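These protein sequence lines are chains A and B, in that order. The first sequence begins at 1 in the numbering used here and counts up one residue at a time. The second sequence begins at 1 in the numbering used here and counts up one residue at a time.
Heads up, some of the hints might be wrong.
Away from chain B, derived, C-beta distances all over 10 Å, residues of chain A [unchecked claim]:
| no. | residue |
| --- | --- |
| 1 | 9 |
| 2 | 43 |
| 3 | 46 |
| 4 | 160 |
| 5 | 164 |
| 6 | 193 |
Pair by pair, the computed Cβ-Cβ distance ranges are [what the hints assert, rightly or not]:
| no. | chain 1 | residue 1 | chain 2 | residue 2 | range |
| --- | --- | --- | --- | --- | --- |
| 7 | B | 189 | A | 72 | 42 to 48 Å |
| 8 | B | 22 | A | 208 | 33 to 39 Å |
| 9 | B | 140 | A | 149 | 56 to 62 Å |
Because the hints were derived from the structure by calculation, they are not lab data. Small disclaimer: the values here were computed from a predicted structure and weren't measured. For glycine and all other residues, C-beta sits at the position ideal for the given N, C-alpha and C.
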Amino acid sequence: MADLDREELDGLAAEYVLGQLAGDERRAAEARLAADPAFRAAVAAWERRLQPLADTAGEVAPPGGTFAAILGRLESAPPAIAGGNVVALRRSLVRWRITSAIVGAAAAVLAVVVVLERTGPAQQTEFVAILTAEGAKPAFVASVDTVKGTISVRRVVDAAPADKSYELWAIPPGGTPRSLGVVEQASYRRALDLAPSGNFTFAITLEQKGGSPDGTPKGPLVFSGALVPTE
Amino acid sequence: MDRRADGVEANGQGELAALMARVAAGDRVAFRSLYDRTSGKLFASVRRILGNQTAAEDAVQEAYVRIWRRAGDFDAGIASPIAWMTTIARHAAIDIVRRGAERVSASADTLDAELAERLADPAGSTPASGGRALASCLDKIEADRRSMVLLAYCYGWSREELSARFAKPVATVKTVLRRSLILLKECLGG
Chain A
1 MADLDREELD
11 GLAAEYVLGQ
21 LAGDERRAAE
31 ARLAADPAFR
41 AAVAAWERRL
51 QPLADTAGEV
61 APPGGTFAAI
71 LGRLESAPPA
81 IAGGNVVALR
91 RSLVRWRITS
101 AIVGAAAAVL
111 AVVVVLERTG
121 PAQQTEFVAI
131 LTAEGAKPAF
141 VASVDTVKGT
151 ISVRRVVDAA
161 PADKSYELWA
171 IPPGGTPRSL
181 GVVEQASYRR
191 ALDLAPSGNF
201 TFAITLEQKG
211 GSPDGTPKGP
221 LVFSGALVPT
231 E
Chain B
1 MDRRADGVEA
11 NGQGELAALM
21 ARVAAGDRVA
31 FRSLYDRTSG
41 KLFASVRRIL
51 GNQTAAEDAV
61 QEAYVRIWRR
71 AGDFDAGIAS
81 PIAWMTTIAR
91 HAAIDIVRRG
101 AERVSASADT
111 LDAELAERLA
121 DPAGSTPASG
131 GRALASCLDK
141 IEADRRSMVL
151 LAYCYGWSRE
161 ELSARFAKPV
171 ATVKTVLRRS
181 LILLKECLGG
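Could you build all of it, start to finish, from the sequences and the hints given here?
Encoded structure:
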């Protein structure tokens, strides 16, 4: 699929700002925001154009205690994963753009992007998914190539604390998490003897240094992402 | 266009952008300043969408949590800080609506008239230099279509809600909104 043309991109930006995109559509747009400077510019332009409408709401001070409540919510970081948000990205969001842009926008990115490629002629299907905590951003990018049997992982968030390790898990639908190893480097590729389908969830837990001692997740789930077909 | 008002606006935006940069670096003092300067606007926006004080408090809290986490993504080169924050806040409110929060909205006709009036003559001290231009361009859009745009932006109505209110298929609502927005953009000079 070709990338969105300018008009389509602008229409999507308008819908995003208008508030017409919810759920998967919104998160796909947010992924595009991270990946596509032209889309960011289009969104910013729509925000400016329509801001006078927001100004018509006037100003009303929130109740006292609101800021304290906000700080309270920040203390609960890293964000708990509540169900997770699944995003189907269109094929046009090519992988290198997602990856490079997310890495480029590295500052405070918190989520997992899992890309699954299946390049067999009979099943030429591409899956892209993002699972984040509400309001959070990508933290890890994982690409699975089931033909080559490899997985590539890129960490975008800060490294785990010195006495901890991030551990990556593949979770089949209704199944038991299987460790895909500890994420020690910022970026690596390794062999993968697993053929996950679109129903898999990938997750990162924060484990003791060196990873879970017995191959089951022990630490808190900090990031996760699910796979859905792109179209 | 009011030059002086523009200048005031630009200064305010510059200060907000500077605060945002400090927030991105994890500065909670800056976060407090940013909150003090912007929470009135954001709270008013989310309360209008939710029509409910408790839900609005929840939305504004969620909005600032997202602003804190995403501050590093704010690009002062292309985006207006208050407009960027407004989108985050409106989305937080819309998320609450979509999760099934009860809300009461004014009738489309009432709010259409009300908004047109406020756009033309913005209340409060904030110079809405773009308000008159936007109001005049909204005026050029056919009434039902204008209502759709206003209900979507100001009240967070979904395509489905608009479809029910205007007795049009969801796909038509989507098309109408896009076309209306293109007209607006052209009218505003692209």
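Quick rundown of the hints versus the structure:
The beta carbon of residue 9 of chain A sits about 12 Å from the closest Cβ of chain B, which is more than 10 Å, so the claim that it is off the interface holds. A Cβ of chain B approaches the Cβ of residue 43 of chain A within 10 Å, the least distance being about 8 Å, so the stated non-interface status is violated. Some Cβ of chain B comes within 10 Å of the Cβ of residue 46 of chain A; the nearest lies about 8 Å off, and the non-interface call is violated. Distance to chain B confirms residue 160 of chain A as a non-interface residue, since its nearest Cβ pair spans about 18 Å, more than 10 Å.
No Cβ of chain B comes within 10 Å of the Cβ of residue 164 of chain A; the nearest lies about 20 Å off, and the non-interface call holds. For residue 193 of chain A, the shortest C-beta to C-beta distance to chain B comes to about 36 Å, beyond the 10 Å cut-off, and the non-interface label holds. Residue 189 of chain B and residue 72 of chain A have their C-beta atoms about 45 Å apart, which keeps the hinted 42 to 48 Å range intact. Restraint check, residue 22 of chain B to residue 208 of chain A: a C-beta distance of roughly 35 Å satisfies the suggested window 33 to 39 Å.
Checking the proposed 56 to 62 Å range against residue 140 of chain B and residue 149 of chain A shows it holds: the Cβ atoms sit about 59 Å from each other.
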